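Using the sequences plus the hints, can you model the full thing?
Take a look at the letters that make up each chain.
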Amino acid sequence: METTAPQLFKITFDGIEIEVPPGTTIMQAARKIAEADPTKMHLAPPAMCYYEPLKGSGGKCRACLVKVSAGSAKDPRPMPKLVPSCITTVQDGMIVENTTNEAVVETRKGIVEFLLLNHPLDCPVCDQAGECHLQDFAFEHGRVQTRYEEDRRTFEKQDIGPYVQLHMTRCILCYRCVFTADQITNKRVHGVMNRGDHAEISTYIEKAIDNDFSGNVIDVCPVGALTDKTYRFKNRVWFTKPVDAHCDCEKCSGKVTLWYRGDEVIRVTARKNEWGEVKEFICNTCRFERKKTSDWTIEGPMKVARYSVIMANKYRADLKKPEFGLKVAASQYKQIDDSRPFVTDNSTIRELSKENNAKANQRSLAENN
Amino acid sequence: MPVKILTEHINVPGIDTFEVYRKMGGYTAVEKALKKMTPEEIVEEVKKSGVRGRGGAGFPMGMKWSFLAKPEGVPRYLVCNADESEPGTFKDHYLMKNNPHLLIEGMIVSSFALGANKSFIYVRGELMYVIHILEKAIEEAKAAGFLGKNILGTGYDLELVVQPGGGAYICGEETALLESLEGKRGNPRNKPPFPAVKGLYQCPTVVNNVESIANTPWIVNNGGEAYAALGVGRSTGTKLISVSGHVNKPGVYEIPLGITVEDFIYADEWCGGIRPGHHLKAVVAGGSSVPILPANLILTLANGDKRLMTYESLSDGGFATGTMLGSGGFIVMDETTCIVRNTLTFARFYHHESCGQCSPCREGTGWMDKVLDRIEHGKGNMRDIDLLVDVAKKIEGNTICPLGDAAAWPIAAAIRHFRHEFEWHVTHPLEATKPGAAYRGEMELV
Chain A
1 METTAPQLFK
11 ITFDGIEIEV
21 PPGTTIMQAA
31 RKIAEADPTK
41 MHLAPPAMCY
51 YEPLKGSGGK
61 CRACLVKVSA
71 GSAKDPRPMP
81 KLVPSCITTV
91 QDGMIVENTT
101 NEAVVETRKG
111 IVEFLLLNHP
121 LDCPVCDQAG
131 ECHLQDFAFE
141 HGRVQTRYEE
151 DRRTFEKQDI
161 GPYVQLHMTR
171 CILCYRCVFT
181 ADQITNKRVH
191 GVMNRGDHAE
201 ISTYIEKAID
211 NDFSGNVIDV
221 CPVGALTDKT
231 YRFKNRVWFT
241 KPVDAHCDCE
251 KCSGKVTLWY
261 RGDEVIRVTA
271 RKNEWGEVKE
281 FICNTCRFER
291 KKTSDWTIEG
301 PMKVARYSVI
311 MANKYRADLK
321 KPEFGLKVAA
331 SQYKQIDDSR
341 PFVTDNSTIR
351 ELSKENNAKA
361 NQRSLAENN
Chain B
370 MPVKILTEHI
380 NVPGIDTFEV
390 YRKMGGYTAV
400 EKALKKMTPE
410 EIVEEVKKSG
420 VRGRGGAGFP
430 MGMKWSFLAK
440 PEGVPRYLVC
450 NADESEPGTF
460 KDHYLMKNNP
470 HLLIEGMIVS
480 SFALGANKSF
490 IYVRGELMYV
500 IHILEKAIEE
510 AKAAGFLGKN
520 ILGTGYDLEL
530 VVQPGGGAYI
540 CGEETALLES
550 LEGKRGNPRN
560 KPPFPAVKGL
570 YQCPTVVNNV
580 ESIANTPWIV
590 NNGGEAYAAL
600 GVGRSTGTKL
610 ISVSGHVNKP
620 GVYEIPLGIT
630 VEDFIYADEW
640 CGGIRPGHHL
650 KAVVAGGSSV
660 PILPANLILT
670 LANGDKRLMT
680 YESLSDGGFA
690 TGTMLGSGGF
700 IVMDETTCIV
710 RNTLTFARFY
720 HHESCGQCSP
730 CREGTGWMDK
740 VLDRIEHGKG
750 NMRDIDLLVD
760 VAKKIEGNTI
770 CPLGDAAAWP
780 IAAAIRHFRH
790 EFEWHVTHPL
800 EATKPGAAYR
810 GEMELV
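Respectively, the protein sequence lines represent chains A and B.
Going by our numbering, the first residue of the first sequence is number 1, and it counts up by one from there.
Going by our numbering, the first residue of the second sequence is number 370, and it counts up by one from there.
One or more of the hints may lead you astray.
As the list claims (entries may be wrong) - Straight-line distance between alpha carbons at most 25 Å, and here's what the computed PhoX-like set of lysine-lysine pairs gives: (1) A:K81 x B:K560; (2) B:K560 x A:K55; (3) A:K74 x B:K560.
Think of the hints as simulated: they come from the structure by calculation, not from any bench.
Predicted model only: the values in this text are computed from it and were never measured.
This is the structure:
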């Protein structure tokens, strides 16, 4: 009896060949490339709504649109439109262009602009700043200026339950929290109301979320729309020290990350992988009530893998260099003009300083008059 | 007198009752289909007829039917899309209101062809009185043995359900319609999977427009070839066109596909010309989502031939000089129409109706609405016009469902063909913001 190895599909992503099992999405294939080689981290398409642990997520934000320049080996016609890589499954012989395609780069700039249209850009007072996916996305793929001159939509802040605050103005309607509430809790109490750019995440008639896993909506939120009320305005994320820890919890796995400021645990979150996705959801008791070091068994410092502002004071050698900053520096760099005579003797210096003093005196006189 | 398939008996008094409809030859298609034909034969006839989906996209109906997956033990559904809410389109409303039995007969024949035992008519929620008309007609058909268990003794069961819509334009998009029918928020689904594989309740489903389904009894009675003999080329049969705007006789007309646009606008049989003392300026040929065309381009093709009322001829020249037949909402404008205000009205509609699921459409439609509003009210600048074109380009093709395209096309087309009017609004804000003001500069009128 011959053993049939699972047939693998060979795809080309930005010129890199990879073999993946059928049913893999383009996004997962790209992430596989990045996981194998961390220097290729930036090749993976950005994801604002797609969240691997949540079934049915993806396809909404359009940030991960890529060009499929050959559908498959059998049918090598290109796909007419850009396709969302998070929900498009690969075909054998598929050729995908991401950062190498001009249209994709241009469209992504447009998506950043759209997502920021109604976003308040209040990063200086937002708790999410530093670990915000929208911040990273805009920094990496956006344009410098906005062309939007109109008023932004605003909402009142809402408390949903004793622990979570909803700041709808910041929301980008990724639906991740809706899927979370749907899939990991047994009673769905919140969803989306209204439509279009006035759609809002809401608990039905502001009914408070009351179940043990409601705190996970904070972790899945890519922006600062859902925030932890026990942590609000306590600190900036880049000043804190993340530490992996665990405890024996009856309700969840108990595997968490503690965020320290000095000796104080100021926040507890679930552990996330390099794509900002929660590995295991945690319960509200772990998240909101166990805030003493004695509650936990410390495992060691958290490995920060995602390139973002949290990395600011945690250097790593394999990071992508900030190309944008270097480009600006190069454009502003000027060669020092060394054709001028290099003055060394004291008499000349004295002459020059006398001249300068006279000029300065004249200027101040003129100003006083 | 051209052949009329859908509106032949529409003016007969009492046609909305079963007795009169039956007397005029109604339900003979059901008898023929259920007793003398197999489902495959009906699908074959529909394929032969070449009838194309009348909801807007114009996809061949027979082909759509043949894509339906037929796994064992899984029910199949037929859903009739009667959520007609496109500005300018009101043909399905007219048809259902006046001749409900025609749709029901078509539903029975189509359901039988597709092997569906439960079918739905998803009617726009605002048309409550039409829903009552349809429900009454279904009761009559059931009493006469054409619906329910064991229809006409053939052993075929069909339950027909009329579902009031959720009150949103987006629910006319087929996957959003299915979501809404399942009792969820009407958000379009990502495709694939297509409804033909996983549709209503994850079962294979066909979604067809009212007018498409209403064509099937005639096709069953007279054969697909007779249907294909009508019309021109790949545009076969007749089409209901709902005419609104500055014509002498607005209303719903059933035209044989292939008459010239000029005939359609000026002949007494159809629209009867532009209202006295005025001239044709522009036409939106297929409902608000299709590109607007100025008078000279709608009447003639780029090569000088006369433009015909067919799918191909109207889209001749791509979007540079062409448009689309769409759902047949024919909006005629004379020189008193301000194109900027008209475009703003469309933009406001799409802003209001975007479901808010995917970001380009959610944010882009609102942005375009606000910029157009500024231009219309004399507060725009020249940069805004290019901005609109760019935003439209960023939305087009990048959204989950065609609503994004539908929002972008009319704006891009209005600027493409009437840029001077937008510029006039920017340069003459005082004149442009007067009540009823419209561009009075040089125009190509017919």
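Quiz item: Taken at face value, is the distance from the CA of A:K55 to the CA of B:K560 at most 25 Å?
Solution: 16 Å, holds
Quiz prompt | 25 Å Cα cutoff - pair A:K81, B:K560 | solution = Distance ~13 Å between A:K81 and B:K560 Cα, so the pair holds.
Quiz item: Is the straight-line distance between the alpha-carbon of A:K74 and that of B:K560 25 Å or less?
Solution: 21 Å, holds
Of the numbered hints stated above, none is contradicted by the structure.
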